[in-house]
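Protein chains in written order, with this note's numbering: chain A, 1 to 310; chain B, 1 to 143.
If you are wondering where the hints come from, they were derived from the structure by calculation, not from laboratory data.
Fair warning: there could be bad hints in the mix.
Claimed, not checked - Derived pair list, reagent style DSS-like, types lysine-lysine, alpha-carbon separation capped at 27 Å: (1) K102(B) with K80(A); (2) K95(B) with K200(A); (3) K95(B) with K310(A); (4) K127(B) with K200(A); (5) K81(B) with K20(B).
As the list claims (entries may be wrong) - Which chain B residues face chain A? A few, computed with CB under 8 Å, are given here: (6) N105; (7) Q114; (8) E136.
Claimed, not checked - Partner residues aside, some chain A positions facing chain B, computed with beta carbon under 7 Å: (9) A33; (10) V84; (11) K104.
Keep in mind the model is a prediction, meaning the values are calculated, not measured.
Even glycine gets a Cβ: it sits at the ideal position worked out from N, Cα and C.
Chain by chain, the residues run as shown.
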Amino acid sequence: MRHLMSPLDFTTGELEQLFALANDIEQHMDRYAHICEGKKLATCFYEPSTRTRLSFEAAMLNLGGKVLGFSDAGSSSASKGESVSDTIRVISCYADICAMRHPKEGAPMVAATRSAIPVINAGDGGHQHPTQTLTDLLTIRSLKGRLSDLTIGLCGDLKFGRTVHSLIHALTRYENIRFLFISPEELRIPSYMTEMLREKGIGYEEVIRLEDCIGSLDLLYMTRVQRERFFNEEDYVRLKDFYILDKEKLALAGPDMLILHPLPRVNEISVEVDEDPRAVYFKQAQYGVYVRMALICTLLGLTDQPLQEK
Amino acid sequence: MLNVGKIEEGFVLDHIKAGKSLSIYHHLQLDKLDCTVAIIKNARSNKMERKDILKVECDIDTLNLDILGFIDHNITVNVIKDGRIVEKRQLSLPKEIKHVIKCKNPRCITSIEQGLPHIFVLTDPKKEIYRCKYCEEKCRQRW
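Next up, chain A with everything else stripped away, as it sits in the complex:
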């Protein structure tokens, strides 16, 4: 039995299979509409995350399966002091697969070691959020036709942004990738990330102004500057509007550059950009459902090429 804790749990070959399946699901939704009939997904969300939870639930419902679960710790047995280990043992008796979000880092891994059913990490604190990374990779692969030979700009909060770090790690496994890190001084990419890139011989550059590099990008990954990451309101207010992608800046970009964003957006992408064909962040949310559908089928062993045991 396999679980998904980190995007690096799957080899690039396994990811290729997963993405091919997701693309087949996209093309032929009807063929997969009953594949999970009689199966149940438990969504164990110890902290609220509407979008991720609904995406998982939509994925299982699209596959003909059923969904049960809780959406915050208050309505679960955790409020009575039950451990994650005990909860997953019980959930294993009720469902066939589990998606778990937990504020404590490593909680889904603890669940996976005790579980009788596959566990998907749906976000554990500031640690991992693998299905977001798989969503990003599937979006890039589907719309660009490749995951190699890309110049990728990552813009905004590169210091605390979990999705950004995870995506960088995942992309370093592909050929000829180059990164441009666009952020204010206070939110620069951590040195351990740039150190890792140097060790792997992957090119990167750090820039402050988006306008200076947008013309050379194949992809622009925008992120939100999150209020909860700051100790004082002043710093947050000063930095939140540092990068706003508007039509004027977008005019400097190439015709094939794609704009991705993990959402929710606040104001870092002006709404006037939404109509531009290069803005694919809502398509990205749709790919999030396809990749979760493919993941559920794969972990439940419902595909032609089952995963090898680790």
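Given chain A, put chain B in place with the hints provided.
Same frame as chain A, but now just chain B:
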């Protein structure tokens, strides 16, 4: 010069960084053993100028060398039998250590989950970096 007698069976842990022998004494839980232990501090050393030495008269299977490798793999372990050195054990960094150090990340699941072993995994042998198995937080101080 202070003379400490030979031991018949047990270990001599040599080349311990000066001043660290007591810490090792506690990590190896030597206080719980009912045997003779000699702690020699600040002994003269050609290699290190000053060093500590621990002599433990015990059954040679009682010591957890994994812990010792994690603490300092440059320590020399001499195995003594019948008053002679019969083996010099080379320490290496263990791939995984359990229940030796605790994860200090307040956001880690180990901070709330009862009965969960604190496990650290060697993620970069070159830089000697250990990370928590669950949250991947770096172990900042080995001892």
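Do the hints match the structure? See the list:
{"no.": "1", "hint": "K102(B) with K80(A)", "in the structure": "holds, 25 Å"}
{"no.": "2", "hint": "K95(B) with K200(A)", "in the structure": "holds, 23 Å"}
{"no.": "3", "hint": "K95(B) with K310(A)", "in the structure": "holds, 18 Å"}
{"no.": "4", "hint": "K127(B) with K200(A)", "in the structure": "holds, 16 Å"}
{"no.": "5", "hint": "K81(B) with K20(B)", "in the structure": "holds, 26 Å"}
{"no.": "6", "hint": "N105", "in the structure": "holds, 7 Å"}
{"no.": "7", "hint": "Q114", "in the structure": "holds, 6 Å"}
{"no.": "8", "hint": "E136", "in the structure": "holds, 7 Å"}
{"no.": "9", "hint": "A33", "in the structure": "violated, 37 Å"}
{"no.": "10", "hint": "V84", "in the structure": "holds, 6 Å"}
{"no.": "11", "hint": "K104", "in the structure": "holds, 4 Å"}
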